[in-house]
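For the sequence shown, my numbering begins at 1 and goes up steadily by one.
Because the hints were derived from the structure by calculation, they are not lab data. Among the clues, some could well be false.
Subject to a maximum C-alpha distance of 16 angstroms in a straight line, what follows is the list of computed EDC-like cross-link-like pairs (lysine to aspartate or glutamate) [said to hold, decoys possible]:
hint, residue 1, residue 2
1, 10, 42
2, 26, 85
3, 26, 53
4, 10, 53
5, 26, 86
6, 12, 49
7, 14, 42
8, 12, 53
9, 10, 49
10, 10, 86
11, 12, 52
12, 5, 42
13, 10, 55
Label-pair restraints from in silico Cβ distances [claimed, not checked]:
hint, residue 1, residue 2, range
14, 8, 64, 18 to 28 angstroms
15, 68, 100, 26 to 36 angstroms
16, 3, 65, 30 to 40 angstroms
17, 85, 5, 13 to 23 angstroms
18, 12, 95, 18 to 28 angstroms
19, 33, 53, 27 to 37 angstroms
20, 53, 73, 29 to 39 angstroms
21, 96, 69, 25 to 35 angstroms
22, 27, 6, 26 to 36 angstroms
23, 96, 12, 13 to 23 angstroms
24, 8, 86, 14 to 24 angstroms
25, 72, 19, 17 to 27 angstroms
Since we're looking at a predicted model, the values are computed, not measured. All C-beta atoms, glycine included, are put in the ideal place defined by N, C-alpha and C.
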Amino acid sequence: MSETKTLTLKLKDKQALYAAYMPFLKRGGLFIPTSRNFTPGETLQVSLELADEPDPIQVVGTMVWRTPVGAQGRKTPGIGIHFAEDEDSPRYFIEDQLAGLLNTHKPTHTL
Numbered sequence: 001m002s003e004t005k006t007l008t009l010k011l012k013d014k015q016a017l018y019a020a021y022m023p024f025l026k027r028g029g030l031f032i033p034t035s036r037n038f039t040p041g042e043t044l045q046v047s048l049e050l051a052d053e054p055d056p057i058q059v060v061g062t063m064v065w066r067t068p069v070g071a072q073g074r075k076t077p078g079i080g081i082h083f084a085e086d087e088d089s090p091r092y093f094i095e096d097q098l099a100g101l102l103n104t105h106k107p108t109h110t111l
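Full structure from sequences and hints, please.
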């Protein structure tokens with residue numbers, strides 16, 4: 001069995017969290033800027049550091065897509081992860097943090 005890889009995502013404010021969050025995935029997900037290569041379906045652990053939170057939030061998910069380095073439109077290279085099915089899903093915490101922002105249609109790193 002392969003070892004779960006760990007990434008760190010530091011977000012300075014709620015606007016950055018909004019830009020990284022993917023509410024359109026069934027369990028929610030995050031865009032993580034990285035130039036590292038991962039395989040679709042690979043399980044990853046993300047240490048999510050938010051400016052307002054004293055401790056990082058540990059998130060587990062699977063890689064669902066990649067924006068490669070040099071992507072059209074100068075998009076930030078990175079990966080999208082879909083949160084693992086978990087009773088303690090970070091989706092609820094993130095959506096609580098983003099109350100009032102989720103329906104604003106501001107540009108994000110995802111869609």
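> Looking at the structure, which of the earlier hints fail to hold?
Replying inline: Result: hints 1, 3, 7, 10, 16, 19, 22 break, sorted rising.
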